[in-house]
Every structure is written in structure tokens, then in C-alpha cells.
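Asker: Read off the chains here:
2 protein chains.
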Amino acid sequence: MRKIGIHEIEDIALGAALLGAGGGGDPYVGKLVAIGAVKECGPVTLLDPSEVPDDALVVPIAMMGAPTVLGEKAIGGDEYKTLYDTVSTFYGKPIYAFMPIEAGGVNSMLPIAAAARLGLPLVDCDGMGRAFPELQMVTFTIGGGSATPMALVDEKGNSCIFRTVTNKWTEELARSVTMACGGSVSVSLYAMEGKFMKEYGVHGIVSRSERLGSAIRKVKEVTDTTPEEAFLSITEGFRLFKGKIADVLREVRGGFNFGKVVLDGIGDYKGQQAFVEFQNENLTANVNGELLATTPDLICLVDTETFTPVPTDALKYGKRVMVIGLKCFPLWRTEEGLNLVGPRYFGVDTDYIPLEERCKGGNGHV
Amino acid sequence: MRKIGIHEIEDIALGAALLGAGGGGDPYVGKLVAIGAVKECGPVTLLDPSEVPDDALVVPIAMMGAPTVLGEKAIGGDEYKTLYDTVSTFYGKPIYAFMPIEAGGVNSMLPIAAAARLGLPLVDCDGMGRAFPELQMVTFTIGGGSATPMALVDEKGNSCIFRTVTNKWTEELARSVTMACGGSVSVSLYAMEGKFMKEYGVHGIVSRSERLGSAIRKVKEVTDTTPEEAFLSITEGFRLFKGKIADVLREVRGGFNFGKVVLDGIGDYKGQQAFVEFQNENLTANVNGELLATTPDLICLVDTETFTPVPTDALKYGKRVMVIGLKCFPLWRTEEGLNLVGPRYFGVDTDYIPLEERCKGGNGHV
Numbered sequence: 001m002r003k004i005g006i007h008e009i010e011d012i013a014l015g016a017a018l019l020g021a022g023g024g025g026d027p028y029v030g031k032l033v034a035i036g037a038v039k040e041c042g043p044v045t046l047l048d049p050s051e052v053p054d055d056a057l058v059v060p061i062a063m064m065g066a067p068t069v070l071g072e073k074a075i076g077g078d079e080y081k082t083l084y085d086t087v088s089t090f091y092g093k094p095i096y097a098f099m100p101i102e103a104g105g106v107n108s109m110l111p112i113a114a115a116a117r118l119g120l121p122l123v124d125c126d127g128m129g130r131a132f133p134e135l136q137m138v139t140f141t142i143g144g145g146s147a148t149p150m151a152l153v154d155e156k157g158n159s160c161i162f163r164t165v166t167n168k169w170t171e172e173l174a175r176s177v178t179m180a181c182g183g184s185v186s187v188s189l190y191a192m193e194g195k196f197m198k199e200y201g202v203h204g205i206v207s208r209s210e211r212l213g214s215a216i217r218k219v220k221e222v223t224d225t226t227p228e229e230a231f232l233s234i235t236e237g238f239r240l241f242k243g244k245i246a247d248v249l250r251e252v253r254g255g256f257n258f259g260k261v262v263l264d265g266i267g268d269y270k271g272q273q274a275f276v277e278f279q280n281e282n283l284t285a286n287v288n289g290e291l292l293a294t295t296p297d298l299i300c301l302v303d304t305e306t307f308t309p310v311p312t313d314a315l316k317y318g319k320r321v322m323v324i325g326l327k328c329f330p331l332w333r334t335e336e337g338l339n340l341v342g343p344r345y346f347g348v349d350t351d352y353i354p355l356e357e358r359c360k361g362g363n364g365h366v
Numbered sequence: 001m002r003k004i005g006i007h008e009i010e011d012i013a014l015g016a017a018l019l020g021a022g023g024g025g026d027p028y029v030g031k032l033v034a035i036g037a038v039k040e041c042g043p044v045t046l047l048d049p050s051e052v053p054d055d056a057l058v059v060p061i062a063m064m065g066a067p068t069v070l071g072e073k074a075i076g077g078d079e080y081k082t083l084y085d086t087v088s089t090f091y092g093k094p095i096y097a098f099m100p101i102e103a104g105g106v107n108s109m110l111p112i113a114a115a116a117r118l119g120l121p122l123v124d125c126d127g128m129g130r131a132f133p134e135l136q137m138v139t140f141t142i143g144g145g146s147a148t149p150m151a152l153v154d155e156k157g158n159s160c161i162f163r164t165v166t167n168k169w170t171e172e173l174a175r176s177v178t179m180a181c182g183g184s185v186s187v188s189l190y191a192m193e194g195k196f197m198k199e200y201g202v203h204g205i206v207s208r209s210e211r212l213g214s215a216i217r218k219v220k221e222v223t224d225t226t227p228e229e230a231f232l233s234i235t236e237g238f239r240l241f242k243g244k245i246a247d248v249l250r251e252v253r254g255g256f257n258f259g260k261v262v263l264d265g266i267g268d269y270k271g272q273q274a275f276v277e278f279q280n281e282n283l284t285a286n287v288n289g290e291l292l293a294t295t296p297d298l299i300c301l302v303d304t305e306t307f308t309p310v311p312t313d314a315l316k317y318g319k320r321v322m323v324i325g326l327k328c329f330p331l332w333r334t335e336e337g338l339n340l341v342g343p344r345y346f347g348v349d350t351d352y353i354p355l356e357e358r359c360k361g362g363n364g365h366v
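Protein sequence lines correspond, in order, to chains A and B. At the far end of the first sequence sits residue 366, using the working numbering, and the numbering has no gaps. At the far end of the second sequence sits residue 366, using the working numbering, and the numbering has no gaps.
The shape of chain A in the complex, shown without the other chains:
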């Protein structure tokens, strides 16, 4: 148990941008929401999963929809109270703690805001260890957990509760309401008991984000090696490519951002070409015609000088980026995990091969 305040939120947000793997939404707006809540209501208590009783009700909080829309609509003051009331009434008991469902991107921040506003602790655990675009894509689905009863509220005061026969149906119904509400809403889903959270959650992910963020901020201060080597060592990242953005193709379909960024090699990679395809998050990294990484491993683009993560929203012609791969949470590499978030689910016609094996040929570099 420890407190997280404004300083920690800054680091968590920076780490969450990396774990967003290009998507999950720039945590910037979420950070403002979280800092605003902490300034008003005080710091938030962060609990280790082991500190949560087995029978306690733990409720993930998130925003659903397009993070860019969140920046325009923001979040009113009452949404989290409405979510709390709806869920605790349904279960007939108080909520013990909130948690993030998704540690990457903007959804790393909103549970902090909710915890601050309701005076509840936050659990250091999520259901992805990164960001993913659809709501059934959580480790809790592998554990047989149900996304519903799922509560959804918008900033106008509209709300609804879903109960569905599968988590894929939750995604279908909640996505359609999210679009109807203007493209961005606050939700609580996968409400669960402490025991289940401990068994299937990604433990320590908030602290990991914070460590990543802190390290990225300080990477220029290292003296025993180059900042780049220091960055790769801290993140345990595989260097896949370095290049200048030559083209960005984008398309919005069904509430998702699809696209592709094309890179012309720089430095050691001069004369080479790479591209990264994304659906909200980066899906594949293709270097000189060879796949070096695919979902569910994390493919992240960072600025070559500052090592600040570059989300797909911020891809711009001429920007120099390094592409790195990070190993995903082990549960995603199981057959059940790959059915949920493997390349074929996203329409990429390749088997999943772990990042570290794809990089053995020498193209990748730890």
C-alpha cells in the first residue's frame, strides 16, 4: 500500500503511453482528469493485489470509444458516482476498490480519477498489461469472467446496464451505444471478486508503468552507456527499426482507427524500409518485407531523441522514430489468448510467433 499523487501520475502516464503500443489513446487528457481529481480530493491509495480480500468487490473503470473524442467531450463530475451506485446496487454490496482494465493509454488514468473522487483505493493490476481495442480482450475472459453486468454512462446523464450471453456480445452492444452517445463514454465492467482478480490479472502493472515513465524521463541522465541502449535495457525492448516517417495512411471504420505508417530507414537502417500496421494499437511490424513482431506482443514507436512514445494519433511525416517490440503478458501466448488477440483475430494472415523468436535472425536487437 502506498499513495500516488501528481508526481506518480506523471510517470504512470508516460509509461502508459509506451504500454499503449501506439493506441489506447494519448494519456494526456486522462492525465489532466486524474490530476484534477487528485488536486481536489487528495492522493489515491495504491493496493498490491495481495492486499485485497478474496471476497471483496473490485471494479474496473474505463472510458470506451475514441480517445480523441474524450479530449473534446471530457468527463463530467458525476459519471463515476453514477457508475459506483449502479454497480454497488446491483451487487448489493459496496465496492472495495477500483482498478484499470487496461494499463496502456488513457485508461491508465481514468481509474485514478474515479478512485480519487470516490475515496476508494486503486489495485495495482489490470486485465491486459497493455492496450487492446475491444472489451472482450482481457485476461479475465480467459478465466471465464463476464464483462457484464456492465454499466455505461455518458456526460449528458444517459446510462445503461448490459447483461449479455458472451463478452463479444457485450462489445457489440456497448460499442453501438458508445457510438450513439457521441463516441466516448465512461464504463465499469468485469466487476469481480478479489480472488479472481489475483488469479487472472496482470499484477503490478501500475507500478511497472510508473517505473517505465520515470526511466524514460531520466534516460538522458545515464552516463555508462548511450541513452538508446539504456532505454532498451530498461524497457527490455527489442529494437526493430529506426526510420523517418515517409507516409501515414489512416481510415476510421466502425469506431476504430485503422492505418499504416511507412518508414524510411535512418542510421544503421539507411536504405531499408519498414511499415507498421495498426487498429487503434500497432498490430504488425514489417521490416524489409519480413514480419518482426505481431500482436499480442507490443509494438511501440518512440522518438529517437527523447524516447517519448509516439501514439498513432501523433504520427507525422518526417518524424524520426525507433520501433521497438516488448514481450506481452504470458497468458496472451496461450491458445485461448491468441484466439482473443492473436494476429488472425485482427485479419493478419500469419501464425503468432513470439517476438524473441522472430528477432533471432539478427534483424531485431535487444
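Since the hints were derived computationally from the structure, they do not count as laboratory data. Every residue, glycine too, gets a C-beta built ideally from N, C-alpha and C. Warning: the hint list may mix true and false statements.
27 Å max Cα-Cα, derived DSS-like pairs, lysine-lysine [unchecked claim]: (1) A:Lys270 / A:Lys244; (2) A:Lys319 / A:Lys220; (3) A:Lys156 / B:Lys168; (4) B:Lys198 / B:Lys260; (5) A:Lys260 / A:Lys270; (6) B:Lys81 / B:Lys198; (7) B:Lys220 / B:Lys81; (8) B:Lys327 / A:Lys81; (9) B:Lys93 / A:Lys93; (10) A:Lys244 / A:Lys260; (11) B:Lys81 / A:Lys168; (12) B:Lys81 / A:Lys93; (13) A:Lys81 / A:Lys218; (14) A:Lys360 / A:Lys270; (15) A:Lys81 / A:Lys195; (16) A:Lys260 / A:Lys360; (17) A:Lys168 / B:Lys198; (18) A:Lys81 / B:Lys93; (19) A:Lys244 / A:Lys360; (20) B:Lys195 / B:Lys93.
If we take Cβ atoms under 8 Å as the criterion, some of the chain A residues that face chain B in the derived model are [what the hints assert, rightly or not]: (21) Glu51; (22) Gly157; (23) Asn158; (24) Arg163; (25) Trp169.
Fit chain B to the given chain A structure using the hints.
Answerer: Just chain B now, kept in the frame of chain A:
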């Protein structure tokens, strides 16, 4: 208080097809559902509105979506039980009676099925006196009634409850979920107390449907006048046109059936042309370039020989039809009523002029 069984259901369905004003869905599939329920669970008690206590909970039941999809998906056995449980739990008291929200089309039938299956009475009252395409288009909206908490269930077992800030938002959210569920769902909405139902509902509409249906069946048996005159007299209909269907244009957009049927005059109307435009229900009747009727008055097409109502789904080249106008429920002619269901709401650029005034020129005929 009286019982309605299979014979009454047949007549109500036929009358409801006329009150559907071209839309509301062919009651045929709904009739099978209602008759199936009555055969299994016995006849339904029909209550006059005055027989309902002021503080009793009265709950309208309906299907939402495309009636043609209902024919393919049908309705499982458990939907109405789920709706009952959801609503009565929410209000913390039992449901006293069901009622139709819409007397025209297929939604005339489903509350009978629900009442039979749950052993509850049905109130002889609805919120339209006809059929309309969107869920805020009820007299209860004029009375300030809220569509929510609205419960929605599909045949797969998915369900949700909405609470919205306006009835128009209910329409938006519920419509999007209906589409996501495959285009047809069962709903309960505008749950209300007996007092409110008595003040704003369209009283006696189930009995009126039954009388209309019975009269249409027997119209050929009249001896003192022609069947057509008898039909117009019974329905209090204005004859607007008689013609052969020359063309039918259809388009499905946003879950609605839009279109236009073009008629070449026959008999007294030989050499003349008319067209009727619809959005699920018929919106306007245009004869020789002159508007003779618009929503919210009812525009109905019936077979020239049998006087059976012809819904827009069944419009076919060469069919001979009579177009009639029926006066709508008086509350629809108020400013508030016309804001909800007047011609301009549907994008028809004309003021509402009551049917009987438009027909004064001699073109229409009682």
C-alpha cells in the same frame, strides 16, 4: 373486463393492420405468437382503463426494430419473463397489467402474448392510436412521461436497461442496440401508474381494432349499400384515391423502411396519378400533385375487392388498392403532438392541415 381469445385476436390483428397505416409490421407473425401463447396459457383479460387503480404499475410491451426480422428471429419463451423481472425489480412492486404502446401493426399482438404468458391482464389503451416509427412518438411524451427505465431483451438472452435524459435519447440508444442485436428485440418502456395512463392514453383502442377487424371481415355481407361505402362508413375513412400500383421505390436506412408507391388511377380515378410516401408508416398521400393527407392522420391502402389492409411490405406492381385517410387521435393535432409526429419532423416540407380540411376541395370523399 372481458376475455379475449383466438377469435378476438384474429379480429384485433386485422383491425391493427389498418391502424398500422402501412407500417407497424404485418400483424401476421405477431398473431401467431399471440395465438400460440393463448392456446398454451388461456385467454387474456382485457381491462377498461377505468378498471385500473390509479397507483397500479402498468407496463407497455412491444417489439422494437424491423418487423420483417421478427418473422425470421421470432420470440423465445423467456423474453417476457425477463422483462417482467427487470421492471418489477426496478420499481420494487409487481406489474398490475401490460398494455400495447402501439395499436397498429405487430405491436398490437405482442402484449397479448406477454399477458397470456405471465397471467396478467391487458389494458384497452395504447400511446399512439395507430403505429409510428420512433419510440418517443407516444402521447405519453406529450404528458411528460419518460420512456425509461426501458428494458430491452433479445432472443439470445442479451438484455439491457436504459435511463436517459430525454425520450429522443432513449430512441437513439435503444435503436443502436436493436440493430446490434440483429434488428429485432422485445422491450418494455414508459412503465407508468394507472392515473397517468388514464390521462394520456388512447382509450379503447384494442376494442376499436377488434370492431374494425370484424367489420372488414363482414363487409361483403352488407346488403343495403356497396361494400366500399360500407367500409368507408365503418372506418369513418376518407376515400383519397383508387389505383393500380405502377411503381414501388424502397430504401432501407438507419433501420427504417423509406419509400414511395406510385398509383395509376382506376374507375372514377382513371387517367389520374397519385403517390404515397412512407417511413415505415405512410407519411403523405399526393393525388394529382395535391397533398390530400399527411402524418399524423392515418393513410391506409386497402385491397379494392377484399378491403384487407395492404402494408408497405406487401406493395406489389399491378395490385389494385384504395387509399383512405383516417383522422388521428386529437392529441396529435396539438402543437406538441405535431412537433413529435407532424410532417416536418419527417422532413416533409408542409404545415399540418387536418385531413378533413384538405379533403374539402372535393377530391376526398367520406
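Asker: Now tell me if each hint is right for this structure.
Answerer: Hint-by-hint comparison with the structure:
1. A:Lys270 / A:Lys244: Holds: A:Lys270 and A:Lys244 sit about 10 Å apart, inside 27 Å.
2. A:Lys319 / A:Lys220: holds (20 Å)
3. A:Lys156 / B:Lys168: Given that 27 Å is the threshold and the Cα spacing comes to 13 Å, the pair holds.
4. B:Lys198 / B:Lys260: Violated: B:Lys198 and B:Lys260 sit about 37 Å apart, past 27 Å.
5. A:Lys260 / A:Lys270: It holds: about 20 Å lies between the C-alpha atoms, which stays within 27 Å.
6. B:Lys81 / B:Lys198: Distance of about 26 Å is within 27 Å: holds.
7. B:Lys220 / B:Lys81: violated (42 Å)
8. B:Lys327 / A:Lys81: Given that 27 Å is the threshold and the Cα spacing comes to 48 Å, the pair is violated.
9. B:Lys93 / A:Lys93: The hint holds at about 22 Å.
10. A:Lys244 / A:Lys260: holds (14 Å)
11. B:Lys81 / A:Lys168: Roughly 24 Å separates the two Cα atoms, so the pair holds.
12. B:Lys81 / A:Lys93: holds (26 Å)
13. A:Lys81 / A:Lys218: With a Cα-Cα distance of about 37 Å, the restraint between A:Lys81 and A:Lys218 is violated, given a limit of 27 Å.
14. A:Lys360 / A:Lys270: holds (21 Å)
15. A:Lys81 / A:Lys195: holds (25 Å)
16. A:Lys260 / A:Lys360: Satisfied, since the Cα-Cα distance of roughly 25 Å is no more than 27 Å.
17. A:Lys168 / B:Lys198: Not satisfied, since the Cα-Cα distance of roughly 43 Å exceeds 27 Å.
18. A:Lys81 / B:Lys93: Cα-Cα ~26 Å, so holds.
19. A:Lys244 / A:Lys360: holds (25 Å)
20. B:Lys195 / B:Lys93: Roughly 16 Å between the alpha carbons, so the hint for B:Lys195 and B:Lys93 holds.
21. Glu51: Not OK, violated: A:Glu51 not within 8 Å of chain B, min 34 Å.
22. Gly157: holds (5 Å)
23. Asn158: holds (5 Å)
24. Arg163: Holds, because the Cβ-Cβ distance from A:Arg163 to chain B comes to roughly 5 Å (cut-off 8 Å).
25. Trp169: It holds, given that the least Cβ distance between A:Trp169 and chain B is near 5 Å, below 8 Å.
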